[in-house]
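> If you read the sequences in order, they're chains A and B.
So for the first sequence, this note's numbering puts the first residue at -17; every next one is plus one.
So for the second sequence, this note's numbering puts the first residue at 2; every next one is plus one.
Some hints could be false.
[Unchecked claim] 30 Å max Cα-Cα, derived DSBU-like pairs, lysine-lysine: (1) B:K430 to A:K62; (2) B:K200 to A:K65; (3) B:K200 to A:K260.
[As the list claims (entries may be wrong)] If you want a taste of the chain A side facing chain B, the calculated C-beta under 8 Å gives, among others: (4) H64; (5) P197; (6) D224.
Hints were generated in silico from the structure; no laboratory data involved.
The model shown is predicted, which means the values in this text are computed figures rather than measured ones.
Ideal Cβ positions, reconstructed from N, Cα and C, are used throughout, including at glycine.
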Amino acid sequence: MKVSMKRFASVTSAAALGLWSIVMSSNVWAGYQLNLDVPVTEVGRRAYDLHNEITLICLIIFVVVFGVLAYSMVAHRKSKGHKAADFHEHLGIEIAWTIIPSIILVLIAIPSTRTLIEMKDTSEPAITVKVTGYQWKWGYDYLKGEGEGIKFLSVLATPKDQIHNKAEKSANYMMEVDNPLVVPVNAKIRILATANDVIHAWAVPAFAVKQDAVPGFIRDTWFKADKEGTYHGQCSELCGKDHGYMPIVVKVVSAAEYTSWVDEQKKKAASNVDDPNKVWAMDEAMARGEKVYNAACASCHGANGQGVPGAFPALDGSKIAKLAKNKAAHIDIVLHGKPGTAMAAFGAQLSDTDIATVITYERNAWGNKTGDMVQPADIKAAR
Amino acid sequence: MAHDHAIGGHAGHDEHEHHGPPSGIMRWITTTNHKDIGSMYLWFSFIMFLVGGAMALVIRAELFQPGLQIVSPDFFNQMITLHALIMVFGAIMPAFVGFSNWMIPLQIGCADMAFARMNNWSFWILPVASGLLILSMFVPGGAAGTGWTLYPPLSIQMGMGMDFAIFGIHLLGMSSIMGGINIITTILNMRAPGMTLMKMPMFCWTWLITAFLLIASMPVLAGAVTMLLTDRHFGTTFFNAAGGGDPVLFQHIFWFFGHPEVYIIALPAFGVISQVIPAFSRKPIFGYASMVYAIAAIAIISFFVWAHHMYVTGIPLTGQLYFMYATMIIAVPTGVKVFNWVATMWRGSLSFETPMLFAIGFLFLFTLGGFSGLVLAITAVDILLQETYYVIAHFHYVMVAGALFSAYAGAYYWLPKWTGYMYDETLGKWHFWLSLIFFNMTFFVQHFLGLAGMPRRVPDYALQFTEFNMISSIGAFGLGVSQLLFLYIVLKARKGGKKVDAQVWDGAQGLEWTVPSPAPYHTFETPPVFEGGKH
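Model the full structure from these sequences, guided by the hints.
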């Protein structure tokens, strides 16, 4: 609350100074960003310049037109005894104010067209990454180029306590993920965007990239960042409950760093492979299952399996999770989802081991003491 | 014009049965009188404006600080959806239909609307439809949390609140189409002798064209939501790729309705402004003919620009280029209108009563909204700004500063004609200045939020956006509270005040100023002879 009071004070004092004086002191007020960030791609900087130029043109026209209006409002007042003139048309001026704006528009259209054509040229990429939008996380799949075969999910890393105001918010509140997308600097990265459930949009302002991810279709876009650093974006198409909580983080690194990152990922992938034939003990399965549950299921079904009444069903005490005869149905709904609802088909997202352990967890956590065990082999058979 | 008489005959018939309005609640339920129906539209729209406004305040209260404080993300999404649907379909559109009901018969000199009984239906469908929308908050799962754009597949996932919204939209569409047919028939057939189309008041022109837009675009929306309904319940897959459909198809259909919808709201607003500015400039409107052509041009072009709402969906380069050029063209006729209004004021004899203040406020802020629209039209720039707060700022400049300010200009302009009493001018000016200041405090800063990258439709945001969000929220509460002042002013003017005569404003032109104030229950039972305006 202390922080918010300080912010409140700064807001009121700023309001007192007047909004327009903020324009003058924008460097002092770090929070008061007044224009786009300068993008770190060549095409992005062109779009940025375009925005500034068009805004300037608009401002000039605005000042001219409303300058005339302001003069009229002062000089042609009835209270000053001004008598109304009786003109109501003038062909010359009417043609002029149709033609001149048209010419200005053509002048704006030329650079706009050029920039757009460049933006759409996704040919000859160095690396191609498939981006999949899930409710509510991003999946990255390196399809081609250095790092081919790497795939991972990228989820919000901000703790729930910060969101619910129980802990101090960190500097990167809401803009941090567990696994950022990593790409090399000065390389053309082609993004293939798609989605698993509803429409999402993958957007990073610093690259001037925003592309809807439409389920069942693949759309592409690209960027070539020329400055190393960490860049942030957010899902930019309303995708349900946690739309606000699926940020995008991209780390642009040097070619050498990228190579070592790729090696590291490959090693990690090799050591992380679960033995699909392993038979899990209850304790082990419950521990692993809880982790999977918190990452994949808790945002809808709740950390304690209570769900959200009316919107997302509870698992604690649900027929599917509690009754022994419904074990197969439980596996089926996790693997294949429930069409027409937000329940996704996790078969495509999670490994057999993850699915087996999370179902075991759901069938034994809270009040669901079924004692049922589900093994990776069961999942493999059910796929 | 014997034909006119036949259509207007109903009102003549009424006269023999009763000489004044019947009393009690049944007067309002059964009324076919255009003035009663106009008043009901206006009161209804104001109530919905307060309901939608309260929802906006829930949104702004949650966004006052980062983090979740007041509502859950789920409820937040329901609020943004209902706020938009109620404001667009429950507040702004009915407000201008209310003006049209009251003023079109008075302006063209006829006794009532052409289809008086259908007019009653057009109104009474509205409370039912809005009731469905509001009720949807209380069904299991709550209201649709999809935003007013209702994009599938998200809208397929929703609970039964979505079905309530779909049926509500069906009903609203029926109401609008009936209203549109009524207005077109009235204007084309029932004008006073001597009033040719090109001598009609500009407000009637804007409504004539708007009515065509309504009839052409509302069925498209009805089709889109019906396809949603069958996708949800009857196994069709119009919008599901797995069944051979395409989610983006919905967006094309929706915006084919959605863009003309913008002008359904904006054109009557232009009409009101075109009445008010000449009256307080004491000078005929500049370029009447070019004004009419500009309105018609805007209306026609509005059907060919829909995909500028969809630049980031992945439409091909040629599509993006076409929609960019087509959208830029709209700036030309819109510019013509602004220049005409400025030229009307130029060398007039200006006075600044409340209607004129709101009209000038409209001119100023609507132009700003037009400029941000031009910025958004440029595809390469829009990629940076699409789905950010810049878009929110843009369309609130057009919808609030455009439509709402114009509705206030019209309300203050015609209120003395309706009540017979002058409203409180000092309070009216307070209402204007408070609205102007708080409106800009709320929405101007949202341009900066959008430029800095804050997405729209999020209940929470990164710390860098805090300051502007606080300013915006404070402004929103100020703006909301200021509107209660208007309610007080209207109630006060109904009760009494300085009596006004038929010609309320010395510079006002038109047949509505030839009938007494307050306008009697029945007017123009025999058509007046129109002497011809100054056009």
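> Against each hint, give a clear statement of whether it holds in the structure.
Evaluation of the provided hints:
1. B:K430 to A:K62: Holds: K430 of chain B and K62 of chain A sit about 20 Å apart, inside 30 Å.
2. B:K200 to A:K65: Satisfied, since the Cα-Cα distance of roughly 25 Å is no more than 30 Å.
3. B:K200 to A:K260: Given pair K200 of chain B, K260 of chain A is violated - Cα atoms ~87 Å apart, limit 30 Å.
4. H64: holds, 5 Å
5. P197: holds, 6 Å
6. D224: It holds, given that the least Cβ distance between D224 of chain A and chain B is near 6 Å, below 8 Å.
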